[in-house]
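> Next come the chains, spelled out residue by residue.
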Amino acid sequence: MSQTDVTILQSLLTAKDDFVSGNDLAQQLGISRVGVWARLEKLRESGFVVEAVRHRGYRLMEEPRRLNEPLLLAYLASAESQVPVFFHETLDSTNSEAERRLANGQTAPFVVVSGSQTRGRGRLGRRWYSPDEGNLYISFAFRPETNHARMQAITIWLGLTVCHYLREVHQLPVQIKWPNDLIINNRKVAGMLTEARIDADRTRDLVFGLGLNVSGKLSEWPLEVAEIATTLSEHAPSVLSINNLAADLIKRCTDAYQSFIESRHLPQMLELWQQYDAFDQRVIRAEYRGKMIEGVAGGIDERGALKVNLDNEQQITVNSGEVTIGTSAWAQQRAAEPANGLDPK
Amino acid sequence: MKRSDLTEFEIEEEGLRLRISRKGTNEVQIAAPAQLAYAPQPMPAAAPPAAAPAEAPKEEGKVIKSPMVGTFYSSPSPDSPPFVKVGDSVNNESVVCIVEAMKVMNEIKAELSGTITEVLAQNGQPVEYGQPLFRVK
Chain P
1 MSQTDVTILQ SLLTAKDDFV SGNDLAQQLG ISRVGVWARL EKLRESGFVV EAVRHRGYRL
61 MEEPRRLNEP LLLAYLASAE SQVPVFFHET LDSTNSEAER RLANGQTAPF VVVSGSQTRG
121 RGRLGRRWYS PDEGNLYISF AFRPETNHAR MQAITIWLGL TVCHYLREVH QLPVQIKWPN
181 DLIINNRKVA GMLTEARIDA DRTRDLVFGL GLNVSGKLSE WPLEVAEIAT TLSEHAPSVL
241 SINNLAADLI KRCTDAYQSF IESRHLPQML ELWQQYDAFD QRVIRAEYRG KMIEGVAGGI
301 DERGALKVNL DNEQQITVNS GEVTIGTSAW AQQRAAEPAN GLDPK
Chain V
346 MKRSDLTEFE IEEEGLRLRI SRKGTNEVQI AAPAQLAYAP QPMPAAAPPA AAPAEAPKEE
406 GKVIKSPMVG TFYSSPSPDS PPFVKVGDSV NNESVVCIVE AMKVMNEIKA ELSGTITEVL
466 AQNGQPVEYG QPLFRVK
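As given, the protein sequences belong to chains P and V, one line each in that order.
Quick note on the working numbering: the first sequence kicks off at 1 and runs consecutively.
Quick note on the working numbering: the second sequence kicks off at 346 and runs consecutively.
Rather than coming from a laboratory, the hints here were simulated on the basis of the structure.
Keep in mind it's a predicted model, so treat the numbers as computed, not measured.
Built from N, CA and C at the ideal position, the CB exists for glycine as well.
Be a bit skeptical, because a hint or two may be false.
[Claimed, not checked] Chain V regions said to be covered by chain P (calculated; three or more residues, Cβ under 8 Å):
| no. | segment |
| --- | --- |
| 1 | 409-415 |
| 2 | 435-447 |
| 3 | 450-458 |
Input sequences plus hints: build the corresponding full structure.
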């Protein structure tokens, strides 16, 4: 990967539909016009379609569909992202790589991205299907050095950040399912896994991993995954650039972490949750103090715990374990009732 | 309690925490949080090879407590061996379990040195703040 490529791509991206003259590029880079041409030939080999017109210059027509390091760096520069990004063609898991780098003393924050994963994982060692084209695998590493109780809502907050970005910038109908899945029409489009190391009462370091299905071919995925998953592209009005998405998410999530650690996230967290909550006022089933309970989901509290209204008008909060849609007759009937005095507000 | 000036007292023993507090003038609130659900239960042969004796002797020793409310996991994934089992020695830096809260998987360290003599929580079980998870000698 050369910095020259990043600079060329940045110029082409900035120009958008306009041409960039070979002369300008050559001057900017301090190389010859032939040198520029040679670099562009190399870029074409990695999947860029660059139009060249005599006396006008070069124009970027198409980007590679894979994650591409110089392009990602060019987008990151355009987004004014400062965080160090470690790029890999393939890894066992971006979370594992981030954890290794933390253990080796790497200064945080930093980001690890990979074009594919051989041992992508979800919660409890569950496998996260990680084909090598069209999906994003990003891990963010932080050293909070603060009381772990303060860090509890971090998955919720960063998940909301991703959800908000996809809705706001790409008009995608994404919702969040407490606490860490993003869904479109009830199918999973992204998963998140946060792993932390605790010293006494402090969170020493923390890795937030994001797996996002962007444009993979569902028809080629294992049936058990394809049945419950979807991709952004299936719902996107226009073609998505995976490199642009990656850069935007890196910028947004590192900024969001900063506001979280400075405790500036709360009003927005509660507001966004209300807007995007997939469980809102639905009957859910959860484990509470060792027992399965059913109740009506009523949003989250400031720590990110799920508020659940039970049939005895009592409200409890759930902060770990699995949550699914409830099935009992009572629960169904209760959910169907209009404003019933159980409203948490 | 009413005859005394006490407004609140708390007893903690063997994973059972009883907190009694007097609010206002008359009202006495008894809050016995979830611990009842997992007050010392004889452990089924869950902890595989080194199953603790069904009636754990009242041992002197130190305990590793849960630093938070959450779900206890003894291994990184269902099909991998536990982080620690009875008989293992641990030191400050040894990871002994994961406590999950809000889908943050928190790796918990021993923070002390010794030998695990008893595993006090079961895989997948909810745990409370301060609940003993391991006994260490």
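> Now, for every hint given, state plainly whether the structure supports it.
So, going through the hints one by one against the coordinates:
no., hint, verdict
1, 409-415, "holds (count 4)"
2, 435-447, "holds (count 4)"
3, 450-458, "holds (count 6)"
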